[in-house]
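Go by the hints and put chain B onto chain A.
Protein chains: 2
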Amino acid sequence: MNDNPLPSMQGPVCPVPLQHKEKIVLGHGSGGKMMNDLIRDIFLPPLDNPILRVGDDAGVVTPNGNTYLSISTDAHVVSPLFFPGGDIGKLAVCGTVNDVAMMGAKPLYLTASFILEEGLEIETLINIVNSMKEVSDEAGVQLIAGDTKVVEKGKADGVYISTTGIGTVYPMVSISGEQAKPGDQIILSGPIGDHGIAVLGARGELGFTSDIKSDVAPLNHLIETMINTSKEIHVLRDPTRGGVASVLNEIANQSNVGIIIDEETILVNPSVQAACEMLGFDPLYIANEGKLVTFVSERDSKKVLEAMHQTKYGENAVIIGRVNQTPKKRVLMNTLIGSTRVVDILAGELLPRIC
Amino acid sequence: MNDNPLPSMQGPVCPVPLQHKEKIVLGHGSGGKMMNDLIRDIFLPPLDNPILRVGDDAGVVTPNGNTYLSISTDAHVVSPLFFPGGDIGKLAVCGTVNDVAMMGAKPLYLTASFILEEGLEIETLINIVNSMKEVSDEAGVQLIAGDTKVVEKGKADGVYISTTGIGTVYPMVSISGEQAKPGDQIILSGPIGDHGIAVLGARGELGFTSDIKSDVAPLNHLIETMINTSKEIHVLRDPTRGGVASVLNEIANQSNVGIIIDEETILVNPSVQAACEMLGFDPLYIANEGKLVTFVSERDSKKVLEAMHQTKYGENAVIIGRVNQTPKKRVLMNTLIGSTRVVDILAGELLPRIC
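Sequences listed follow chains A and B, in order.
To convert, count from 1 in the first sequence and add 1; that's our numbering.
To convert, count from 1 in the second sequence and add 1; that's our numbering.
With the rest of the complex left out, here is chain A:
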């Protein structure tokens, strides 16, 4: 196949900077282009440093020159607090455990800060905390620090939870969104879109009842298995906000490569597919909370795939594409109808408060 099926594309046009007189809209939290603009124009200019600039799911630092720590943080504002397959507590633990692990690290410690709305039922909080405990045990991480603030009724929405995770990078591992290399095979760990559609269902926004459950899960044991199998895993990322389409675009940009995926290989559960068709959504942009994409050398890709198949959260893993030299910073897809189309980054907000 031609490395460069659409040679006229040279990446996105020059971005327009955010104006100081603008206001925050929901799209700024979407995980797509508007959020990237916010980071590029507002957060990075003052706070810029080499670790932050990489743009990975977690920062890797070495406080004493021999231990490499992977550190990640996330605020969780999902609405509703409980949804099929999980709740904000499980999500807060898994989201951060997964981000830490995506640097090729073993998550060890978590912190959690809670913002509670006055009037919240104590019973609700107990259920959320118990859920955090259960999935922390599965992941093998320990909550070592916490904080609680309470705001007046109408100044939050039940509970918001910010979690930070700290883990140690496995020896001899260098995994980053900057490490994708031409020839790499791209593996997706299972069917996509379950989390976003499950949350939408819990909001009553599907217009029909569904059996779709969120895929929210801790992926650190899956990743440990993968790393024990191959030293040629170049990239790991979880396609949360913005979905698979957005993370592939992020990686194409970070590594300055082209990505081509095959639509027919991408698994979507039939009920998720049906919901997406009714609502006009593309599953490639829907959030997942228990899936990963990984970029592995062609040589090791089969071995890694087989190892993934032996695990609870990787049994449906499949190779969905590969990395090319060009067109740089572009994601293309061979469609079911035989054409090739650009898979762009999400522009604004598809589903607010999905995580």
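If you are wondering where the hints come from, they were derived from the structure by calculation, not from laboratory data.
Please note that a few of the clues may not be correct.
Heads up, the list lumps identical chains together, so a pair's fine if it works in one copy or across two of them.
Listed below are the simulated DSSO-like cross-link pairs for lysine-lysine, each with C-alpha atoms no more than 27 Å apart in a straight line [to be verified]:
id : residue 1 : residue 2
1  : Lys182    : Lys214
2  : Lys330    : Lys34
3  : Lys24     : Lys134
4  : Lys303    : Lys182
5  : Lys154    : Lys22
6  : Lys329    : Lys303
7  : Lys154    : Lys34
8  : Lys329    : Lys156
9  : Lys134    : Lys22
10 : Lys22     : Lys156
11 : Lys34     : Lys134
12 : Lys107    : Lys182
Using the frame of chain A, we list chain B on its own:
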């Protein structure tokens, strides 16, 4: 002086557990007794582990057996976002830098997660981020990971910021709220109550205009100086929510000792004192964001005090009391009028959303 001026007191009566049918009220975020109940009855039972159980400002862990990391997290929900002497950004950095440093650690890295309310002016966010940058530089810490979520208008209050800090504990140091020892001298780093009263003033709740500025400041360089001066610093803590009274009670409980302080030694700026008198507040319960209390062996206390006087944030440090064997878990105060009274922990909420 008698070690046990009120021998009939044997600590608080048996606490009544929180009921599952209750609801969260503002007092649960106060830093006082209600928050302790919430932690004891809701968070600790499922999440209990030796690190969390200590109840210090930060957890200390050792991921590889030779580096000791101090890790702390805080949610910041102060209202208003800007107040004399600081803003939510400066507060979010200092609050976490200080909590990390209070374990005898050098803060190195910060993460920040932002919850933004739809409609927030971008200009406001820029000012907050610039403020975070400025004080991060002063403290010498690097922001290495971040996250942004946006919620609908009316589901937050402008900006909430959760920060987590990571630092390395200085060699040969073992500082904790459990380490107070009979005979220790208690040093307070300066006048109290400025932060709480400054925020109240910014809300227009003083009923008069005032020149009171928040004391919000990073204390890590002060602490480094103290640790370089003495190996006999046993406890460090910053009296934020709940004020000096609450932290002294926490330490008396953690170390199972008695504490006696002298009211005449405790500095309060005249305008803070005037505001407290008008509003019926006791400055001992008002939040500070740039002060610390430390417990030092009697032998080294003068040396540490002199070293503190040479620093920017410790120039008004003063010895305010000492540790006794008994009455265990009690804080007593020799008052200006010559009596001795119990200084109890704050029960409910004094000032909501002060940090």
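Right, here's what the structure says about each hint:
no.	hint	verdict
1	Lys182 x Lys214	neither (35 Å within a copy, 54 Å between copies)
2	Lys330 x Lys34	within (14 Å within a copy, 55 Å between copies)
3	Lys24 x Lys134	between (38 Å within a copy, 21 Å between copies)
4	Lys303 x Lys182	within (17 Å within a copy, 62 Å between copies)
5	Lys154 x Lys22	between (29 Å within a copy, 18 Å between copies)
6	Lys329 x Lys303	within (26 Å within a copy, 65 Å between copies)
7	Lys154 x Lys34	between (33 Å within a copy, 21 Å between copies)
8	Lys329 x Lys156	neither (44 Å within a copy, 40 Å between copies)
9	Lys134 x Lys22	between (43 Å within a copy, 21 Å between copies)
10	Lys22 x Lys156	both (24 Å within a copy, 22 Å between copies)
11	Lys34 x Lys134	between (34 Å within a copy, 24 Å between copies)
12	Lys107 x Lys182	within (24 Å within a copy, 38 Å between copies)
Violated hints, in rising order: 1, 8; the structure is consistent with all others.
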